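Assemble the complex: chain F is given as a structure, and chain V must be docked to it using the hints.
There are 2 protein chains.
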Amino acid sequence: MTTEYDAVDHRVTADDTTVHSTWNNELEPVCTIEPGDVVRFECRDATNGQLDPDSVAADVAELDIDPVHPLTGPVAIDGADPGDVLEIELLELEHRGWGYTLVLPGEIGHGLLADSFPEPAVHVWELDDDVCHFVNGIEVPLNPFPGIVGVAPAAAGTYDTFPPRSVGGNIDIKHLTAGSKLFLPVAVEDALCSVGDGHAAQGDGEVCGTGIEAPMSVTCRLDVRSDRRIEQPQFETDGPFTPTGRDEPTFGTTGIDETLRGATENAVRGMIDHLHEERELTREQAYILCSAAVDLKINEVVNAPNWVVSAYLPESIFPEERRR
Amino acid sequence: MTTEYDAVDHRVTADDTTVHSTWNNELEPVCTIEPGDVVRFECRDATNGQLDPDSVAADVAELDIDPVHPLTGPVAIDGADPGDVLEIELLELEHRGWGYTLVLPGEIGHGLLADSFPEPAVHVWELDDDVCHFVNGIEVPLNPFPGIVGVAPAAAGTYDTFPPRSVGGNIDIKHLTAGSKLFLPVAVEDALCSVGDGHAAQGDGEVCGTGIEAPMSVTCRLDVRSDRRIEQPQFETDGPFTPTGRDEPTFGTTGIDETLRGATENAVRGMIDHLHEERELTREQAYILCSAAVDLKINEVVNAPNWVVSAYLPESIFPEERRR
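Heads up: the protein sequence lines correspond to chains F and V, in order.
Residue 103 in the numbering used here sits at position 66 of the first sequence, with consecutive numbering throughout.
Residue 320 in the numbering used here sits at position 283 of the second sequence, with consecutive numbering throughout.
Chain F on its own, in the form it takes in the complex:
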């Protein structure tokens, strides 16, 4: 948490002149950099400071949705042209010791199983150098990444930060940890890259609608590749593909349905039942843990008319005496 990457060319703080909560290709760049420069983005938490380490469920119910997803930027990369590829090499991610996972109710509820979880809930995680602390001794390994990395859209106008798009944005790819590279298709001159929505860890799917949301600094090298053309994001990563970084005992619940969405819902419902009935968690805690640490894999998408998605729960997040 304390060692800053030592070759930062540009520091972008998070203040009223650098934070924006919508995408728009007419936003004034906060700075212009040369390809290959290293930028340190200070990023606020996803609620833009509406929550703190003492927040409780009642605070979640009062959240204002408009300031959500404060992004830091945009940074202009000199010489990036539409059709080029912006290469973002993630170098260092530093949290501030805490984060939260929310179950959001009502109009701003956007979890996979929003209809089944109408009440707000929150878990505030204490983060240390290695793990994120949950209840009952459960520890989710710390694997920070930016939930949102994007470049400005080609089309004029203002765009919501919630949906990811071909130019990136809210892609929530948990494997974009330090050491990874993300490639985005540049849509406007100078690319205009913004970063935010730091996550201390997340399961594939982010099923309750939030990862382990945490204020964070994101240090990355931004470079331009004129030799490639891509339609949607690509990346290089070493994982982690399991919490321990190696094969480990894992419990799976399988969802089978005529849509991938339905199969996903079935798999997650099965996992919540399991966590509630056999692992001593409330349903809200189970939903939150799924979002923070349970992965979703598409097992098959070709055996019409039914597809298979499974949810994968690693045993290593439990204290040894509670593992199966």
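A hint or two may mislead.
Because identical chains cannot be distinguished in the list, a pair is counted as satisfied if it fits within a single copy or across any two copies.
With a straight-line cut-off of 20 Å between C-alpha atoms, the simulated SDA-like cross-links for lysine to any residue are [said to hold, decoys possible]: (1) K218 with V261; (2) K218 with E315; (3) K218 with P286; (4) K218 with H311.
I should point out that these hints are in silico values taken from the structure, not numbers from a laboratory.
Nothing here was measured: the structure is a model prediction, and the numbers come from that model.
What follows is chain V alone, placed relative to chain F:
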């Protein structure tokens, strides 16, 4: 390949009295076992002997769909009642030295991108003790599992083997390797378990419609759990979650779309483009390799209206000089 699990209680050969290509709860059991017994199922390849190690694309075009998915069984488990859980502990899987991956055309075409691949194609894989051999020195680690494990459906009648259902069947969960346990909800008296569709390896998704299909024997312990109730399959596994069993360099292509299906198609199209343009494979070879070795993860399914699915290509399957 040669060491048979040494405590087999029942051997079920694959012959006209034990092989069936549809599900039906009135099928006569081939044997009745006690809970906890070990059964060795001999399983034919998915085409039921229509292909052999010398088969070429023209043979694929001539395939008869009716005999596809010859299953071995059913085995009756004494005392299994509807509502119980059948526990299938996978002990040993033995292939016969070869397998194949098909791109199926026309009426029997069922790949994720069937419209883009109207011509039949096949790769016959030489299998050894550790790897499955592809072109250009590419080696996919051997991780055999049964594509189909199921129990008889509750409803009377004859059912196609292609779609998986809540009682299992064609679930194609690549992590059901030796050492894993699969749990299925029992729907009829004595459960009536059948097994088939051996795969020497497969990527999550099985995107071209076939894994590395291989004749195989499947040895497993069948037990009954009356203390649990499940709606759809569950399992325990140690993976492998990557080809090497640990974190490793991986290239990803991301698909973003308003449906999980569309996002999956975009991710796989991006990977096929990559394998064709940067890895010296034909498009058919690329599609086949995706089905055999590329994994699909749901990155987020909550940022409406766009979901994110990525395809993950491990570098370790390439010869060292061809890795990025």
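> Okay, which hints does this one fail, numbers in order?
Replying inline: Violated: none.
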